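Enquirer: Those sequence lines, one after another, are chains U and B. Going by this note's numbering, the first sequence opens with residue 1, and the numbers climb by one from there. Going by this note's numbering, the second sequence opens with residue 1, and the numbers climb by one from there.
Among the hints, erroneous ones may be present.
To be verified - Listed next, the in silico DSSO-like pairs over lysine-lysine satisfying Cα-Cα at most 30 Å (straight line):
hint, chain 1, residue 1, chain 2, residue 2
1, B, K417, U, K358
2, U, K284, B, K378
3, B, K49, U, K358
4, U, K384, B, K237
5, B, K417, U, K284
6, U, K410, U, K474
7, U, K391, B, K223
8, B, K430, U, K284
Stated by the list, open to error - So these bits of chain B aren't anywhere near chain U, every CB distance computed over 10 Å:
hint, residue
9, Q58
10, G90
11, R114
12, R203
13, G229
14, G263
15, G283
16, D304
17, S320
18, D321
19, Y352
20, K378
21, T412
Please keep in mind that the hints were generated in silico from the structure rather than gathered at the bench. Model, not experiment: these values are computed from the prediction. All C-beta atoms, glycine included, are put in the ideal place defined by N, C-alpha and C.
Single-letter residue listing:
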Amino acid sequence: MHSAEGLALARAGNLQSAEAELRKAADLAPANEGCLVDLATVLAMEKKFDESTSYFRRALKINPHDVLARRYLGANLWQLHRYAEARQNLRILLNTNPNDPQALLLLGMVSENTGDYAAAAKMLASVPTLVRAQPESVAALARSYYHIGETEKARAWLDELQNHQAGIQAALLGAQVADEMQDYKTAEAFLSSVAPRYSDQNELRYRIALVKFHAQQFEESRQLLRELMDDGYRTGEVNRLLASCFRAQNRHEEAIHTLQEAIELNPLDETSYLDLASILLDQKRISQAMDLAQRMAKAFPHSSRVFVSKGSLELGANDFIDAVSSFTRAAQLEPNSPDATIGLARAEANAGMTERAKATLDSAIGRFPEKAPFELELGQVLLKEAETGDKNAAVRAEQLFHSAVAHDDKLAEAHYELGELALHRGETARALIHLEKAAKLVPSSAKTHFALSRVYRRLGREREAAEQAALFDKLGE
Amino acid sequence: MSSSCHRSHLPTNRECYRAPRRLFFLSLTALLSFTSLTFLQHSPSPAHKEIFSDVTEQARIVWRHFSGESPDRFLIETMGGGVAFLDFDGDGFEDLFFVNGGETPHGKSSSPIRNALYRNLGNGEFEDVAAKAGVDRLAFYGMGVAAGDFDNDGFPDLYVTGFPSSALFHNNGDGSFADITDRAGVKDAGKWAASAAWFDFDRDGYLDLVVTNYAQFSFDDAKRCELHGTRTYCEQKAYAGMPLTLYHNNGDGTFTDVSEHSGLAGLVGRALGVIAVDVNDDGWTDLFVARDASPNLLLINQKDGTFRDAAIPAEVAYNSDGVAKAGMGVDAGDLNGDGKPDFVVTNFNDEYSSLFVSGPSLVFDDRTIASRLAEYTKPYVGWGIHFIDYDNDGHLDLLIANGHINQVIEATRLDVKYMEPPLLLRNNGKGVFQDMREQVGAVFQSGYRARGLAVGDFDNDGGLDAVFTRLDGKPVLLHNNVGQNHSWVGFELQGTRSNRDAIGAKITVEIGSRKLVRWITGGASYLSSHDKRVVVGTRDDSSTPINAEIRWPSGTLQRLARLERNRYHEIVEPSAN
Numbered sequence: 001m002h003s004a005e006g007l008a009l010a011r012a013g014n015l016q017s018a019e020a021e022l023r024k025a026a027d028l029a030p031a032n033e034g035c036l037v038d039l040a041t042v043l044a045m046e047k048k049f050d051e052s053t054s055y056f057r058r059a060l061k062i063n064p065h066d067v068l069a070r071r072y073l074g075a076n077l078w079q080l081h082r083y084a085e086a087r088q089n090l091r092i093l094l095n096t097n098p099n100d101p102q103a104l105l106l107l108g109m110v111s112e113n114t115g116d117y118a119a120a121a122k123m124l125a126s127v128p129t130l131v132r133a134q135p136e137s138v139a140a141l142a143r144s145y146y147h148i149g150e151t152e153k154a155r156a157w158l159d160e161l162q163n164h165q166a167g168i169q170a171a172l173l174g175a176q177v178a179d180e181m182q183d184y185k186t187a188e189a190f191l192s193s194v195a196p197r198y199s200d201q202n203e204l205r206y207r208i209a210l211v212k213f214h215a216q217q218f219e220e221s222r223q224l225l226r227e228l229m230d231d232g233y234r235t236g237e238v239n240r241l242l243a244s245c246f247r248a249q250n251r252h253e254e255a256i257h258t259l260q261e262a263i264e265l266n267p268l269d270e271t272s273y274l275d276l277a278s279i280l281l282d283q284k285r286i287s288q289a290m291d292l293a294q295r296m297a298k299a300f301p302h303s304s305r306v307f308v309s310k311g312s313l314e315l316g317a318n319d320f321i322d323a324v325s326s327f328t329r330a331a332q333l334e335p336n337s338p339d340a341t342i343g344l345a346r347a348e349a350n351a352g353m354t355e356r357a358k359a360t361l362d363s364a365i366g367r368f369p370e371k372a373p374f375e376l377e378l379g380q381v382l383l384k385e386a387e388t389g390d391k392n393a394a395v396r397a398e399q400l401f402h403s404a405v406a407h408d409d410k411l412a413e414a415h416y417e418l419g420e421l422a423l424h425r426g427e428t429a430r431a432l433i434h435l436e437k438a439a440k441l442v443p444s445s446a447k448t449h450f451a452l453s454r455v456y457r458r459l460g461r462e463r464e465a466a467e468q469a470a471l472f473d474k475l476g477e
Numbered sequence: 001m002s003s004s005c006h007r008s009h010l011p012t013n014r015e016c017y018r019a020p021r022r023l024f025f026l027s028l029t030a031l032l033s034f035t036s037l038t039f040l041q042h043s044p045s046p047a048h049k050e051i052f053s054d055v056t057e058q059a060r061i062v063w064r065h066f067s068g069e070s071p072d073r074f075l076i077e078t079m080g081g082g083v084a085f086l087d088f089d090g091d092g093f094e095d096l097f098f099v100n101g102g103e104t105p106h107g108k109s110s111s112p113i114r115n116a117l118y119r120n121l122g123n124g125e126f127e128d129v130a131a132k133a134g135v136d137r138l139a140f141y142g143m144g145v146a147a148g149d150f151d152n153d154g155f156p157d158l159y160v161t162g163f164p165s166s167a168l169f170h171n172n173g174d175g176s177f178a179d180i181t182d183r184a185g186v187k188d189a190g191k192w193a194a195s196a197a198w199f200d201f202d203r204d205g206y207l208d209l210v211v212t213n214y215a216q217f218s219f220d221d222a223k224r225c226e227l228h229g230t231r232t233y234c235e236q237k238a239y240a241g242m243p244l245t246l247y248h249n250n251g252d253g254t255f256t257d258v259s260e261h262s263g264l265a266g267l268v269g270r271a272l273g274v275i276a277v278d279v280n281d282d283g284w285t286d287l288f289v290a291r292d293a294s295p296n297l298l299l300i301n302q303k304d305g306t307f308r309d310a311a312i313p314a315e316v317a318y319n320s321d322g323v324a325k326a327g328m329g330v331d332a333g334d335l336n337g338d339g340k341p342d343f344v345v346t347n348f349n350d351e352y353s354s355l356f357v358s359g360p361s362l363v364f365d366d367r368t369i370a371s372r373l374a375e376y377t378k379p380y381v382g383w384g385i386h387f388i389d390y391d392n393d394g395h396l397d398l399l400i401a402n403g404h405i406n407q408v409i410e411a412t413r414l415d416v417k418y419m420e421p422p423l424l425l426r427n428n429g430k431g432v433f434q435d436m437r438e439q440v441g442a443v444f445q446s447g448y449r450a451r452g453l454a455v456g457d458f459d460n461d462g463g464l465d466a467v468f469t470r471l472d473g474k475p476v477l478l479h480n481n482v483g484q485n486h487s488w489v490g491f492e493l494q495g496t497r498s499n500r501d502a503i504g505a506k507i508t509v510e511i512g513s514r515k516l517v518r519w520i521t522g523g524a525s526y527l528s529s530h531d532k533r534v535v536v537g538t539r540d541d542s543s544t545p546i547n548a549e550i551r552w553p554s555g556t557l558q559r560l561a562r563l564e565r566n567r568y569h570e571i572v573e574p575s576a577n
């Protein structure tokens, strides 16, 4: 009875009451798979994904072949960014129902999120009707095509968003995707095309300025922003983008002044403070940066981002003990913040609190799904220990670097460390592999080119050694 | 036993006049030293068990350094303090010269700022005769000193570096010096000079002079930096670097600035330490320059008046991450027994002092970590550094003077202190060091703001002693109590065709199958100058004959056989091989 009542309420849109009724039904019949699925579904509609997931799992324990439950569980896990588990469940479903369109759509989305773009493109393209229905799935397919180099297909799918039933927002999403994927002409064309029907012309002009900034057309971007400001459209966002333009053109004084204006315009917008702190630190204006840090902490005592920024400034100023305090506060405010945790460990290590740093990082490796940055950081702490006498630390450090690249092959710094270790042991061939990879990932890393020049020299490849040395000199200026 | 003295020329009239006085002095001081040795041996002192004892007080050294420390925090305030061992009066005992700093716009002294020239009385005591000698005052902020006999008259002269100029004091041989800077043309005007080294780069028999210049600096430009909310010294990168200066000795009391021609003027960076030594064993003296957040230089003498920097291919310019460390002091010695010099360089905390060990084809192996030097030097800011076989076991040990520059450093981290202890690191014979802190003596358990470090045997007992300076404090004179635990052989060279100080000479000592190589170097450590004699520890192998080969800077080869242990041998360069 509760079950029927709950379903009726859900259909009528009264989700809260539906949830209450379905809970009663589930309590009365805890082994009733149908009740569990219904409750889980309503919870998902209320965006209570964690609890919904647990009820779907319970239902699947009773009946592992429940396609609906498995599908919705996959959807929940995708929403929760638990992509590995989502993938696992959707693959189970597709093993028995290889053409299940919703499963293909979901798995395509998961693949796109995890960077498996070829698979994402294949799966999403196989369910075009479902993809077309939602702007997010169109965007995912377009992104996937961009990534695998099929630009025309990407653009063709983005075109679907121009006049999508979801309205202007879909078109704006299309512009955003093109911008993200550095197809700036397409992005600008999208934005221009929506101009006649977009009510907020100022916001549109801002978006065009943003695309021009991404395209490194700093003068044009600044021009647009100045026009906006002259027209009275002065927001923190506009000021910050203008400051970014100045910064990109090495006009740091103007960037700083613009951000200070942004702060005056809106003293409650922490992003302006954070941007200003970043420039002051880059410009090594430590005293000003520290004053700003104090202001930020006072103005935003509950903002983890602010305390991460303060800690970074203190790290930059070699004030390590204070940095430990700031990052500790940031981590307390946001325990799942990777920036707060890594910052804390770095500050602890630099302050001479090595054991604490190791404990922070060990704990993070256990807690965070994205382990690679913490493995890298811990490896570097251990490497320092190894340099001052602890040989076991060196072994563990190297294991951590290997684990880090296994988790994230794009972690240039881990490849660099592995290259250096190999070079130190005289394993020049292995060193070359890692260092060349690091250089490809981050061509602007001076130290990588320095290391490469040493390797080439050892291999007798003098010309390449000289080239790398020249790059090192240039980047070090 | 063959004579160890080969006099190839008649002494000059001046030398003849001085000779009887010198003999008189020698016999008198010998008597005094015997007395003082007896005194030292019988003085009840718990310090007798230490490796090094602080004998500053007994030596009656009361001079204090003045840095001009001020609220402006000019970087120069934290950098100075050179010291030299030299026998300025030729009495056979090493004297001491201390360079004072100076006033700054808001760092004034209540009394005149003077250098000190402590004459070794031969009985463990010293007497400051700087004023009488005419070397007590400088017209500039003093930094370092290089002692060398530039005119080959038998008396060491003094080149004192500083800002915004430097000075050359000629030793008149009668206990006095004359400032001949302008006449000689070695003022190095407008520069902040740090260490200097005498060496004969063109092998003409006269000592030339290389000067490290640190940074573009002015008292009108008080840069403002803070640490932990307190005004502090700005990091060195806030100051642009300077080129080196090279003066060629014309042999007539004047010098020519050959910085441009030699190529040294093009090497701009923050240079602090320099040592002159033959790196590639071709008989021509080269230079290693330690630079502060600028890549180190390994300047190979091209034998035509120019130098080529080989630091990058030699892998001594940077650390393994391509970072130029904060190089301050430098020394050279044959640590691995291959007959070629290896180098040590002091750096900032967390950077470790560096150890570069020679390998084939002028490529050095960075053995900082493997030698445990990293482990011992990590928390310290190192300045003066010198190889020293303190126990005469034949293995080169290390002595390092440390001291931070930021008074608030302890508010920012737990593992680095402001006042830091010196380090004595013992070499186990395989190029691995051991910290001797527990055994070396009370001085090494205390913290200082140490800067310059010089090594010399002030009591001629074969145990190498040392002295280090302190910012705004008295220096610390360390007596070596264990050098006589093993036998040793000492060399005091006198060039004739070569420069008289024999800087650039290579001495290979053969004890049975063992070969120990030493050099008479120019410069070394930080802002300081050392006893030019070479002491080689031979352990206790008293039955094996000691032979030696000397390669003089002129190229002359001289072989010496059956050298007597536990004494200095005065060796004059022969006229031919």
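Enquirer: Now look at each hint and say whether the structure bears it out.
Expert: Here is how each hint holds up against the structure:
1. B:K417 / U:K358: Distance of about 23 Å is within 30 Å: holds.
2. U:K284 / B:K378: 25 Å, holds
3. B:K49 / U:K358: 42 Å, violated
4. U:K384 / B:K237: 24 Å, holds
5. B:K417 / U:K284: Holds - the C-alpha atoms of K284 (chain U) and K417 (chain B) are around 25 Å apart, at most 30 Å.
6. U:K410 / U:K474: OK: K410 (chain U) and K474 (chain U) at ~24 Å, within 30 Å.
7. U:K391 / B:K223: 43 Å, violated
8. B:K430 / U:K284: Distance ~44 Å between K430 (chain B) and K284 (chain U) Cα, so the pair is violated.
9. Q58: Holds, because the least Cβ-Cβ distance between Q58 (chain B) and chain U comes to about 37 Å, which exceeds 10 Å.
10. G90: 47 Å, holds
11. R114: Holds, since 37 Å exceeds 10 Å.
12. R203: 32 Å, holds
13. G229: 7 Å, violated
14. G263: 18 Å, holds
15. G283: 27 Å, holds
16. D304: The claim holds: D304 (chain B) sits with its nearest Cβ about 25 Å from chain U, beyond 10 Å.
17. S320: Its Cβ does come within 10 Å of chain U, the nearest being 6 Å, so this is violated.
18. D321: With a cut-off of 10 Å, D321 (chain B) comes too close to chain U, as the shortest Cβ separation is near 5 Å.
19. Y352: 8 Å, violated
20. K378: 5 Å, violated
21. T412: Its Cβ does come within 10 Å of chain U, the nearest being 5 Å, so this is violated.
Checked against the numbered hints given earlier, this structure breaks hints 3, 7, 8, 13, 17, 18, 19, 20 and 21; the rest are met.
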